[in-house]
Amino acid sequence: MWHIAKRELYDNLNSLRFALTTVLLLGLMLTNALMHLQEHPAKIKKYRSSVADALNALRSRTDLYDIAQRGPGLLYKKPSALGFCAEGGDTLLPDAVGRNDTVWEDGELKSFWTMKYPSTTPDLKDIRSDITKVDWAFIIGSVLSLIALLFTFDSISGERERGTLRLIVANSIPRHTVLTGKFLGALISITIPFTLAVLMNLLVISMSSHIRLDAEAWGRLSIIIFLVLVYTCLFLALGLLVSARARQSAVSLVILLLTWIVFVVFMPSVLPSIVSGFSPAPMTADEFQERIVQLDRELLNKYDNRLWADETLKTKQVRSEYVTRDAEIQERLNEEHLTQQIDQVQRARTVSRVSPVTIFQHLLESFAGTGFGRHLQFVENAQRYARQFREFVVDTDRSDPESLHLIGVREGMSQKPVNPAAVPKFEDTLSLSKDFNAAAVDLLLLTLFVIVLLSGAYLAFVRVEV
Amino acid sequence: MITTLIGRELLNNLMTFRFAAALFITLLLVVANTVVLIKDYEQRLESYNASVKTHHQEIREKQTYSAGEVEVDRPPNPLSIFNVGLDKRLGNEIWISHNYVPTLWEARMNASDNPYLNILSSIDIVFIFEVVLSLMALLFAYDALAGEREQGTLRLVLTHPIRRGHILLAKYISAMLCLLVPLLLSLLFALILLTTTTSISLEADDFLRIGGIVLTSIAYLSVFYLIGLLISAVTQRTGTALMLAMFVWGALVLVYPNLILAAIRSSDIPQAKAVSTFNQIKQVWDEFDRERKQYLATDDFPGEDPTFNINGMGFFYEHFPEDPLTLLYFYYSMMTFGELDEKFEREVPHAQNYFRFLIPSTIKTAERAWLLRKQALEDTLVRKSNMKRTLLKLSPVGMYDAATQAWAGTDLKGVRDFFNAVRQYRQTVIDYLDSKNAFASRKWFAADEGAVDWSTLPAFSFKRSGIETNAKRALPDLLLLLTVNLLLFMIIFLIFIKSEV
Numbered sequence: 001m002w003h004i005a006k007r008e009l010y011d012n013l014n015s016l017r018f019a020l021t022t023v024l025l026l027g028l029m030l031t032n033a034l035m036h037l038q039e040h041p042a043k044i045k046k047y048r049s050s051v052a053d054a055l056n057a058l059r060s061r062t063d064l065y066d067i068a069q070r071g072p073g074l075l076y077k078k079p080s081a082l083g084f085c086a087e088g089g090d091t092l093l094p095d096a097v098g099r100n101d102t103v104w105e106d107g108e109l110k111s112f113w114t115m116k117y118p119s120t121t122p123d124l125k126d127i128r129s130d131i132t133k134v135d136w137a138f139i140i141g142s143v144l145s146l147i148a149l150l151f152t153f154d155s156i157s158g159e160r161e162r163g164t165l166r167l168i169v170a171n172s173i174p175r176h177t178v179l180t181g182k183f184l185g186a187l188i189s190i191t192i193p194f195t196l197a198v199l200m201n202l203l204v205i206s207m208s209s210h211i212r213l214d215a216e217a218w219g220r221l222s223i224i225i226f227l228v229l230v231y232t233c234l235f236l237a238l239g240l241l242v243s244a245r246a247r248q249s250a251v252s253l254v255i256l257l258l259t260w261i262v263f264v265v266f267m268p269s270v271l272p273s274i275v276s277g278f279s280p281a282p283m284t285a286d287e288f289q290e291r292i293v294q295l296d297r298e299l300l301n302k303y304d305n306r307l308w309a310d311e312t313l314k315t316k317q318v319r320s321e322y323v324t325r326d327a328e329i330q331e332r333l334n335e336e337h338l339t340q341q342i343d344q345v346q347r348a349r350t351v352s353r354v355s356p357v358t359i360f361q362h363l364l365e366s367f368a369g370t371g372f373g374r375h376l377q378f379v380e381n382a383q384r385y386a387r388q389f390r391e392f393v394v395d396t397d398r399s400d401p402e403s404l405h406l407i408g409v410r411e412g413m414s415q416k417p418v419n420p421a422a423v424p425k426f427e428d429t430l431s432l433s434k435d436f437n438a439a440a441v442d443l444l445l446l447t448l449f450v451i452v453l454l455s456g457a458y459l460a461f462v463r464v465e466v
Numbered sequence: 001m002i003t004t005l006i007g008r009e010l011l012n013n014l015m016t017f018r019f020a021a022a023l024f025i026t027l028l029l030v031v032a033n034t035v036v037l038i039k040d041y042e043q044r045l046e047s048y049n050a051s052v053k054t055h056h057q058e059i060r061e062k063q064t065y066s067a068g069e070v071e072v073d074r075p076p077n078p079l080s081i082f083n084v085g086l087d088k089r090l091g092n093e094i095w096i097s098h099n100y101v102p103t104l105w106e107a108r109m110n111a112s113d114n115p116y117l118n119i120l121s122s123i124d125i126v127f128i129f130e131v132v133l134s135l136m137a138l139l140f141a142y143d144a145l146a147g148e149r150e151q152g153t154l155r156l157v158l159t160h161p162i163r164r165g166h167i168l169l170a171k172y173i174s175a176m177l178c179l180l181v182p183l184l185l186s187l188l189f190a191l192i193l194l195t196t197t198t199s200i201s202l203e204a205d206d207f208l209r210i211g212g213i214v215l216t217s218i219a220y221l222s223v224f225y226l227i228g229l230l231i232s233a234v235t236q237r238t239g240t241a242l243m244l245a246m247f248v249w250g251a252l253v254l255v256y257p258n259l260i261l262a263a264i265r266s267s268d269i270p271q272a273k274a275v276s277t278f279n280q281i282k283q284v285w286d287e288f289d290r291e292r293k294q295y296l297a298t299d300d301f302p303g304e305d306p307t308f309n310i311n312g313m314g315f316f317y318e319h320f321p322e323d324p325l326t327l328l329y330f331y332y333s334m335m336t337f338g339e340l341d342e343k344f345e346r347e348v349p350h351a352q353n354y355f356r357f358l359i360p361s362t363i364k365t366a367e368r369a370w371l372l373r374k375q376a377l378e379d380t381l382v383r384k385s386n387m388k389r390t391l392l393k394l395s396p397v398g399m400y401d402a403a404t405q406a407w408a409g410t411d412l413k414g415v416r417d418f419f420n421a422v423r424q425y426r427q428t429v430i431d432y433l434d435s436k437n438a439f440a441s442r443k444w445f446a447a448d449e450g451a452v453d454w455s456t457l458p459a460f461s462f463k464r465s466g467i468e469t470n471a472k473r474a475l476p477d478l479l480l481l482l483t484v485n486l487l488l489f490m491i492i493f494l495i496f497i498k499s500e501v
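So the sequences go chain by chain: A and B.
Going by the working numbering, the first sequence opens with residue 1, and the numbers climb by one from there.
Going by the working numbering, the second sequence opens with residue 1, and the numbers climb by one from there.
By construction, these hints were calculated from the structure, which means they are not laboratory data.
You may find that some hints are simply not true.
[As the list claims (entries may be wrong)] If we take Cβ atoms under 10 Å as the criterion, some of the chain B residues that face chain A in the derived model are: (1) I25; (2) M243; (3) A251.
[Claimed, not checked] Computed list of lysine-lysine pairs in BS3-like fashion (alpha-carbon distance at most 27 Å, straight line): (4) B:K88 to A:K43; (5) B:K384 to A:K45; (6) A:K46 to B:K384; (7) B:K472 to B:K393; (8) B:K273 to A:K45; (9) B:K273 to A:K46; (10) B:K388 to A:K43; (11) B:K364 to B:K374; (12) A:K43 to B:K273; (13) A:K43 to B:K384; (14) B:K39 to B:K413.
Note that the structure is a prediction, hence the values are computed from the model and not measured.
Virtual Cβ for every residue (Gly too), placed ideally from N, Cα, C.
Isolated chain A, as found in the complex (with noise of 0.2 Å):
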């Protein structure tokens, strides 16, 4: 076995695919690292000032109420130290949820801080042409997917041809034994120009001041790159799948340039927009802006009279319980829209599943920490934090004797002032363990696919007459 695939290798390492494909990687990953190198340093540095500033901001009130009425303004998201190896279309996302103003103020009332989820919209003042990123994604999904395919789709079929299959066959060597070796061979020869680049890549940018990967990004890379190999492994077994069954090797290749086209091309991009076409969409921005403004009314016919009756504890109250179930009621149908936008995305996702190539892309997002399944975490975060905060409030509240203990009206709250390092503060993280749940799916599904093309390549060289 050993024999066959160091023949396959040497005759793969001196053959001008292995030089183009050398060149094509080293190139397009120092593009990569460069990339990276140039956005990654403005990117975090925007990021610290808006965190620092939304800090300051909290910290510099030390009135309960003001707290508590203003809260914590935006959260932001943090951005990931391996942005380039998916970037996962984190700039059409965005990158703070919380709200930073005052809604209504009627009198002494004003409307509490709330979780709200603003969308952005995609850079309207760029007028250059449509980038796809030089991902790690793009570089293997598409590119080092088209290569594995030109390794193999040959490399039965070819020696058919040429008549030296038969030869092989003639030996004593069983052939699951050639199938496998075939398949070590064309691994490795594809393994070593991958290694090449990837060095560099990750040299370039280990090199910069700018950027330090700390060890849980390294465990991160470790986990993608074998990621990466399973991946090759799944279409290196597709090219030998077709290589066998077809008679001539144009043949062969015309299939596999067909599926490669069919799964990279066409599914990633038309299964999700017609599946989010025909799944029920989410409310509209007009139905959601006439929904809010409706509950306003409701709320405050309910609580208007009652409102500014008089001066007593009782109206009082009335004003807490006004102020408390408006930012309930927000809350919850920002909350409501948010879930519903979700899950129209999260249906057109699984749906594109069956592409191994959204898989894959799928599972590089949530290993660099970046995409749709990052923000979703993000977003669960700053949730928690936001119940951490509102007790926080309560609790401070509870421990003032002298407080009416009336949240949400400044009269009704403590008038102590609040020690603001103790105001707890939000700080985005990242969780290895919820990662990998989360993308323990899509890891199954992949192996998966790479177990069945192997066995039908295994089934189809066993069977094949020479």
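For chain A, the structure is supplied; the task is to place chain B on it using the hints.
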């Protein structure tokens, strides 16, 4: 003789597996995509119509001239189904005011129902041709000469008294005829889908534009076929030819366009020229502000209050919005009151005099600032993006993309046509207000004597530029493609003539 050759080649090509596969895959991709794209277009059209209605209603509810900010919408381009270009990427609503001259950089996107859908990628018809048909063309070409050489049939053919040029021509014509089948058939299906959709109304010009896209597609296809033929002519073995063809395809289609756009990124730091122009524009407005303050100081009314102490149900608002990146800076003010207390009656003539001075002065200053800004925007933002477009054209993909965008009218120039129309409309609105003597009227800021009647305001309408303009814009790239074709053919011819069999 040449017809026999063409016939033979044609038969050879048509009976192959790759032809059937190419036909099937192109049809599948184009039809499935057209359905998706039509749905997307319908959605955009719907939100455009809703937005137009809202804006129409909004302006009619405005009680004073000062509050009347007209908003106009950009309709989606039905040909964006072929090449979406910048149609979905740039803003589609913009507010018109006498305070500033609008450009595409001030346009906003009307609210999307689900902004998260943006992360799902989508492709247009031209992209399918770009990727799939070019690959097909290479697959048809790689063994055209190398294969015959390997099989030894080339020697046989050449023993006959046939000119080598004729052999090449026969091969070229027959392969192109084969490649045209999937191209034209899939376009036909797309057109049937388009014309049967009721929400899309194509004009006569649109069919000519689509014709232009087809023509460009053929030229593009031919470039890739000739690249394949060139590779086939210089290599001895089909295996090598195939490898080379695949890598050339990968480099030209997948790698180069992304690489060049990624490598040359525009920094967000304004250039020195932009900074100096921005300061100039600021100076122009500062000068205006000084004059304004001087007027307020020297007019009959004591004090420098621009509201003339008028207050009540309504608001006054003034500030200088700015965006250094797009060189935007202007003075913006609004004063509008629904009811006016009688005690302010003495102040009203003063305010009227002030606005009679202020508004024409603002318009004049906006005009002056625009002259500066226009030039600087061309020099910085537009030129920069155009440079990238030019670099993209080193690959046939770039030429094809640019030419089809120009035909569809979704290129930068096509979108800017809309903003030119918007600027013209702004002038119309100003002229209209002037004809109503609105600037000096009481209704500029107060609605106590009745709200403004907006029904005579001329409506905004935008018509895409005519086919001649599209043709003029697409022609350079189309000619470039044809030149590349001719060059490649000549090179192949020379190589083939000189080659030994």
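Restraint status (C-alpha distance of B:K388 to A:K43 at most 27 Å) | Distance ~24 Å between B:K388 and A:K43 Cα, so the pair holds.
CA of B:K472 to CA of B:K393, is that 27 Å or under?
-> holds, 18 Å
Does B:A251 pass the interface check with chain A, least Cβ-Cβ distance below 10 Å?
-> At 7 Å from the nearest chain A Cβ, B:A251 passes the 10 Å test, so the hint holds.
Proposed proximity, A:K46 with B:K273 (alpha carbon, max 27 Å) | holds, 25 Å
Report holds or violated for the interface hint on B:I25, using the least CB-CB distance to chain A and a cut-off of 10 Å.
-> holds, 5 Å
Given the proposed pairing of B:K39 with B:K413, does the C-alpha separation stay at or below 27 Å?
-> OK: B:K39 and B:K413 at ~26 Å, within 27 Å.
Holds or violated: B:K364 to B:K374, with C-alpha atoms at most 27 Å apart = Distance ~15 Å between B:K364 and B:K374 Cα, so the pair holds.
Would the pair A:K43 and B:K273 pass a check requiring their Cα atoms to be no farther apart than 27 Å?
-> holds, 26 Å
Could you grab the alpha-carbon distance between B:K384 and A:K45 and see if it respects the 27 Å cut-off?
-> It holds: about 26 Å lies between the C-alpha atoms, which stays within 27 Å.
Holds or violated: is there a CB of chain A closer than 10 Å to the CB of B:M243?
-> holds, 5 Å
Straight-line alpha-carbon gap B:K273 to A:K45, limit 27 Å = Judged against 27 Å, a Cα distance of about 26 Å means the pair holds.
For the pair we were handed, A:K43 and B:K384, check the Cα-Cα distance against 27 Å.
-> holds, 23 Å
Hint compliance for this structure: every hint is met.
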